[in-house]
Amino acid sequence: MLGSKSDQQLITRALEGSERAWLSLVKRYEKRLYNYAYRMGGNADDARDMLQEILMAVYRNLGAYRGEGPFPAWLFRLASFRCADFLRRRRPYVQDTDAMDLIADERIDRHPEANMISTQQNREVIRLMNSLSRQQRLVVELKFFQHFTFDEIGSQLGISSNTAKTRLYSALKSMRKVTEVSLAV
Amino acid sequence: MQCEQAQLYLFEFAEGDLDGSLRSDIDQHLQICDACSDLLQGIWEMDLKSTAWTNINVPRWNRRDYFFSSRQDFSWLQLAGSLSSVLVLILVLFRVEITNNETGFQISFAGQSDYVSSQEIDSRLRQLAMQNQRDVDTSMVNFTSQQVAANQLMLRTILMASRSERRQDLGTMMTVWNEDRRRLEESTEDSLRFLLRNQMQGRREIGNITHVLNTITNQQDNNL
Numbered sequence: 000m001l002g003s004k005s006d007q008q009l010i011t012r013a014l015e016g017s018e019r020a021w022l023s024l025v026k027r028y029e030k031r032l033y034n035y036a037y038r039m040g041g042n043a044d045d046a047r048d049m050l051q052e053i054l055m056a057v058y059r060n061l062g063a064y065r066g067e068g069p070f071p072a073w074l075f076r077l078a079s080f081r082c083a084d085f086l087r088r089r090r091p092y093v094q095d096t097d098a099m100d101l102i103a104d105e106r107i108d109r110h111p112e113a114n115m116i117s118t119q120q121n122r123e124v125i126r127l128m129n130s131l132s133r134q135q136r137l138v139v140e141l142k143f144f145q146h147f148t149f150d151e152i153g154s155q156l157g158i159s160s161n162t163a164k165t166r167l168y169s170a171l172k173s174m175r176k177v178t179e180v181s182l183a184v
Numbered sequence: 000m001q002c003e004q005a006q007l008y009l010f011e012f013a014e015g016d017l018d019g020s021l022r023s024d025i026d027q028h029l030q031i032c033d034a035c036s037d038l039l040q041g042i043w044e045m046d047l048k049s050t051a052w053t054n055i056n057v058p059r060w061n062r063r064d065y066f067f068s069s070r071q072d073f074s075w076l077q078l079a080g081s082l083s084s085v086l087v088l089i090l091v092l093f094r095v096e097i098t099n100n101e102t103g104f105q106i107s108f109a110g111q112s113d114y115v116s117s118q119e120i121d122s123r124l125r126q127l128a129m130q131n132q133r134d135v136d137t138s139m140v141n142f143t144s145q146q147v148a149a150n151q152l153m154l155r156t157i158l159m160a161s162r163s164e165r166r167q168d169l170g171t172m173m174t175v176w177n178e179d180r181r182r183l184e185e186s187t188e189d190s191l192r193f194l195l196r197n198q199m200q201g202r203r204e205i206g207n208i209t210h211v212l213n214t215i216t217n218q219q220d221n222n223l
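These protein sequence lines are chains A and B, in that order.
Note that numbering that gives the first Met the number 0 gives residue 53 to position 54 of the first sequence, counting from 1, and the numbers run on in steps of one.
Note that numbering that gives the first Met the number 0 gives residue 177 to position 178 of the second sequence, counting from 1, and the numbers run on in steps of one.
It cannot be assumed that every hint is accurate.
Sample of chain B residues with no beta-carbon within 10 angstroms of chain A, all distances over it, derived [unchecked claim]: (1) Leu7; (2) Leu9; (3) Asp37; (4) Glu44; (5) Met45; (6) Asp46; (7) Ile55; (8) Val57; (9) Gln105; (10) Glu119; (11) Leu127; (12) Gln167; (13) Glu204.
Derived PhoX-like pairs (lysine-lysine); straight-line CA-CA distance at most 20 angstroms [said to hold, decoys possible]: (14) B/Lys48 with A/Lys26; (15) A/Lys30 with B/Lys48; (16) B/Lys48 with A/Lys164; (17) A/Lys176 with A/Lys164; (18) A/Lys4 with A/Lys30.
Just so you know, these hints were derived from the structure itself, not from any lab.
Since we're looking at a predicted model, the values are computed, not measured.
We put the CB at the ideal spot given by N, CA and C, even for glycine.
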């Protein structure tokens, strides 16, 4: 986009002390991170807390990013660590799929029917994600929503790509079972 | 092809990234393996669900305050702490002493200040107390003298005023008395003059009477 700075430019300026550059970087990625955190945490409060923890970790560690790979890959590796840590500390199970804040973004806010459908779809995703273990959830998130390769996922989580695949298939099997049970009911 | 082998490439197969014999092998395996077919179905379903996910808006939050206010506070605190530590270090290393005397605060380095023991302080305090007592006594004497002088002056003033008043009163009385006396003398003189005039008139009338009587007597004698 004309006039918009690249991630690397913003990072360089932020490291030089520019608050504006840092806030631009935050605005660029916060929605994607918030939705990531929402799917991982299952409710708005945890998502907000997780988002802030992730961004604070990025703020503190930005100097460690050497530009060796794409910034989103580095960002989500850090997010995965923070998220796993957050979920480990959190109470065992929190589900908030009735919350109206699952309502989607501005472009469908004005159409109640579309809004309702998107809310139902989001709710279904949250329900399925909540049925998974933390590790399975992370792999599903990184593969289906963040579209990383298995090599990248393995690198982010410190596992091999084959282990990442195995976890993903295991997660898919669990979700299929949940879907079948809910259809049977 | 076994399930393990097929599942290694199942995701790539689902995304259409496989070509040639590998693709046909997996295709054949899927026709005979329900488990792998279910997995493939699961991949497609989850892919659909992820596409249908509608992004949720981030709740409003103050990014600037969250990232920078705490950092600023921390840096101020850190700066204040560092400055305090440096100051204490300087005071200790250079043996800086700050003392207070008559001329004000005195700062000295390396212990060169005038050391004042507690006994000397007591002595100075006693001297100060005695000096203070002397000052008070002198002030009291001065005050008493001034008070006596003021009283004497006041008495003199009162006496002078009293004498003057009495002198004025006597003058007034003398004037009145002189006036009365003058009036009395005039009245006496008038009475005396009246008396003299009466006596002279009486003598003249007696002379006349005597003359008349002599005349009459003479006539009678003549007649006789």
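(message) Of the numbered hints stated earlier in the document, which are not met by this structure?
(response) Hints 1, 2, 3, 4, 5, 6, 7, 8, 14 contradicted; others consistent.
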